[in-house]
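*Asks:* As a plain string of letters, each chain reads:
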Amino acid sequence: MNLWSYVIRRLLYTIPIILGVCLIIFAIFNLSGYDPAQTLLGKHATAKQIMEVRKELGLEKPLVQQYFDIVKSAFTLDFGRSWATKQNILDMIKEGAVPSLTVTIPAFLISTITAILISILVAFNRGKFIDKYLVVKFVGMMSIPSLAYILFFQWFFAYKLGWFEISGYEHGFPDFIPYTILPVIIMVVLSIGPDVRYFRTVILDDIYQDYVRTARAKGLSETVVLLKHVLKNSLIPIITYVVIQIPFLILGALLIESFFSIPGLGGITVKAVFDNDFPVIKAMTVLFAISYIVFTLITDILYTVVDPRVRLK
Amino acid sequence: MENESKSLWAHAWDSLKKDKTAVFSMTIIGIYVLLAILTVTGVIASDWSKEVGASYLPPSLENPFGTDIFGRSVLLKTLKGVEMAIAIGCVTAIISTVIGVLFGLTAGYFGGKVDEVIVWFYTSQASIPGIMLLFAIMFVLGKGTSTLFIALGITSWIPLCRLVRGEVMRHKEREYVQAAAALGAGNRRRMLKHILPNIFHIVIIQFSLRFQMAIKSEVILSYLGLGVQGAPSWGTMIDDSKLELSRGVWWQLGAATFAMFFLVLALNLLGDALRDALDPKLKGKA
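For the protein sequence lines, the chains are D and X, in the order given.
Using the numbering used here, you'd call the opening residue of the first sequence number 1 and step up by one each time.
Using the numbering used here, you'd call the opening residue of the second sequence number 1 and step up by one each time.
One or more hints might be untrue.
Only pairs whose alpha carbons sit at most 30 Å apart, straight line, appear in this in silico DSSO-like list of lysine-lysine [what the hints assert, rightly or not]: (1) D:K232 - D:K218; (2) X:K143 - D:K61; (3) D:K137 - X:K216; (4) D:K228 - D:K218; (5) D:K55 - D:K271; (6) D:K48 - D:K86; (7) X:K143 - D:K43; (8) X:K143 - D:K48.
These stretches of chain D come out as covered by chain X in the derived footprint (C-beta under 8 Å, 3 or more residues) [stated by the list, open to error]: (9) 24-31; (10) 140-150; (11) 244-257; (12) 279-291.
Bear in mind the hints are in silico, worked out from the structure with no lab data behind them.
Ideal placement from N, C-alpha and C gives every residue a C-beta, glycine not left out.
Using the sequences and the accompanying hints, generate a full structural model.
*Replies:* Right, here's the structure in full:
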């Protein structure tokens with residue numbers, strides 16, 4: 001099978017997935033018996049008011065129509081307006097993307113590179129003290145809830161020591177830097193544990209393969225075996241793991257943004273949960289899902305370009 | 001009979017007993033379960049809601065973890081929180097295991113259209129990031145402890161389902177399943193009595209993973225005001241401390257994080273030890 005027919009088949013496969021995602025979102029928001037009109041108007045609304053709001057929200061339309069409205073919004077990204085701010089949700093998303101990226105991109109780069117370096121170090125010394133020590137250390141770090149890290153770091157480094165801004169944000173480079181350093185540090189601390197654990201397993205999986213034994217039998221040194229043979233093969237799962245995180249970069253870090261008052265998409269989402277802002281929650285769910293699907297698609301296609309074996313399946 | 005061959009489970013148990021980390025983590029988990037039983041039955045921490053002193057007393061001999069805003073003992077709240085953590089972990093892990101095993105077995109065993117529909121469904125659900133799905137479900141169903149269990153349960157079954165489906169596909173053509181079929185075992189018997197026990201190690205490993213993830217997720221939901229209501233939980237305690245830290249009140253955050261750390265760490269380590277003991281593929285490897 002050639003590359004193009006694979007790409008087309010893979011593209012077609014996303015259609016039922018998008019329809020499925022919309023079906024789940026539809027089931028949660030439109031079929032569960034939850035009435036957004038009630039949330040919007042409060043307990044003392046009259047039946048007539050509720051009717052009017054339901055009409056405005058399109059809840060009086062036939063169910064099939066309501067379902068296709070969600071599907072349509074997945075393609076047009078037209079989500080209507082927020083209840084809390086009355087803003088157009090698409091504009092909110094556009095505004096929120098940049099502040100999110102100023103936190104997540106540096107954090108993502110630092111943590112991924114550090115994690116890969118540590119995993120190589122650990123793989124060199126597998127079974128030795130440093131390997132066991134680091135593994136236990138990272139498992140320990142992962143056993144502390146993220147909220148506790150955020151609270152403690154903000155209190156200790158920003159409030160007590162006064163090294164960083166406690167919260168807030170300023171638009172434009174380089175004005176945002178003082179506000180993003182601490183959030184970036186926290187994100188790196190939070191993601192380095194899971195990253196190292198995953199990369200280590202991937203590298204160790206490869207170390208026991210036959211081709212590695214062959215390489216060793218040829219008399220190659222451990223350094224050459226690890227860096228030239230093993231790492232090359234481990235790169236594929238590592239790249240997949242890394243690429244799939246990209247949509248989450250745009251969407252930001254939910255709790256961190258909310259906590260440090262960074263006006264990114266994560267912060268917007270958390271605020272919507274606080275405000276019971278129904279259209280924004282729904283829009284964010286659709287947006288998160290669609291970007292996830294798009295990036296999975298890109299990863300899969302990249303995969304087949306890099307590794308021709310995938311196409312044969 | 002000295003040379004009687006041991007089952008996978010007996011082997012696993014032997015290697016777990018030799019593994020110091022596994023023994024350590026099982027002991028810790030045992031202590032937590034015991035504490036949960038003692039608080040449920042009211043032997044300890046039944047008067048957690050009682051005022052024991054002034055508001056925000058720092059740790060002292062009398063109140064080892066100090067007091068909270070209402071002058072309640074943080075130690076007793078933390079102990080009472082064990083009950084909630086174990087409940088959240090257990091119930092959530094059971095819900096997600098039942099769904100995951102059921103769908104995974106069905107999809108893997110029957111294949112064809114049934115498999116396609118189940119795979120389509122979980123691929124769709126997996127496309128919605130877990131945390132968003134959790135928000136959405138909690139938002140629609142409303143606050144409450146039982147909602148919390150349901151929401152955490154139905155958002156966490158997919159990894160197990162995928163693994164079970166894959167393993168069942170490998171197992172269903174094996175000789176022992178064919179032998180069972182030849183002896184007249186129906187589909188249900190073949191699935192539940194023959195295949196399931198052979199893939200059960202995956203279920204156990206995933207159970208310990210779900211357990212600790214549920215406990216950690218409760219903290220995030222508490223921050224959003226969607227957590228446990230009416231009873232102390234570590235999540236609400238950590239969330240409360242966001243207003244306390246600036247006044248120098250660190251003991252509530254400290255106590256809840258400390259309590260959670262050891263339980264989650266033990267579950268993490270046990271999960272790893274179980275994988276080493278139960279996954280034959282990894283046997284003999286460093």
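*Asks:* Tell me if the straight-line CA distance from D:K232 to D:K218 falls inside 30 Å.
*Replies:* 18 Å, holds
*Asks:* Between the alpha carbons of D:K48 and D:K86, is the straight-line distance 30 Å or under?
*Replies:* Holds, at roughly 23 Å.
*Asks:* Three residues minimum, CB to CB under 8 Å: does the stretch 279-291 of chain D make the cut for coverage by chain X? Let me know.
*Replies:* holds (count 6)
*Asks:* Next pair to validate is X:K143 with D:K61; report whether the Cα-Cα distance is within 30 Å.
*Replies:* Measuring from Cα to Cα gives roughly 28 Å; hence the hint holds.
*Asks:* Please count how many residues of the stretch 24-31 of chain D have a CB within 8 Å of a CB from chain X and say whether that reaches 3.
*Replies:* Coverage by chain X holds here, the residue count being 4 at a Cβ distance below 8 Å.
*Asks:* Can you confirm whether the C-alpha distance between X:K143 and D:K48 stays at or below 30 Å?
*Replies:* 27 Å, holds
*Asks:* Please verify whether D:K137 and X:K216 have alpha carbons no more than 30 Å apart.
*Replies:* With a Cα-Cα distance of about 18 Å, the restraint between D:K137 and X:K216 holds, given a limit of 30 Å.
*Asks:* Under the criterion that the straight-line Cα-Cα distance not exceed 30 Å, is the pair D:K228, D:K218 satisfied?
*Replies:* Roughly 14 Å separates the two Cα atoms, so the pair holds.
*Asks:* Please verify the coverage claim for the stretch 244-257 of chain D: does it have three or more residues whose C-beta sits within 8 Å of some C-beta in chain X?
*Replies:* holds (count 4)
*Asks:* For the stretch 140-150 of chain D, do at least 3 residues have a Cβ located nearer than 8 Å to some Cβ of chain X?
*Replies:* holds (count 8)
*Asks:* Compare the distance between the alpha carbons of X:K143 and D:K43 with 30 Å, and conclude whether the hinted pair is satisfied.
*Replies:* 17 Å, holds
*Asks:* Holds or violated: D:K55 with D:K271, Cα cutoff 30 Å?
*Replies:* Satisfied, since the Cα-Cα distance of roughly 26 Å is no more than 30 Å.
This entry satisfies every hint, going by the numbered hints stated previously.
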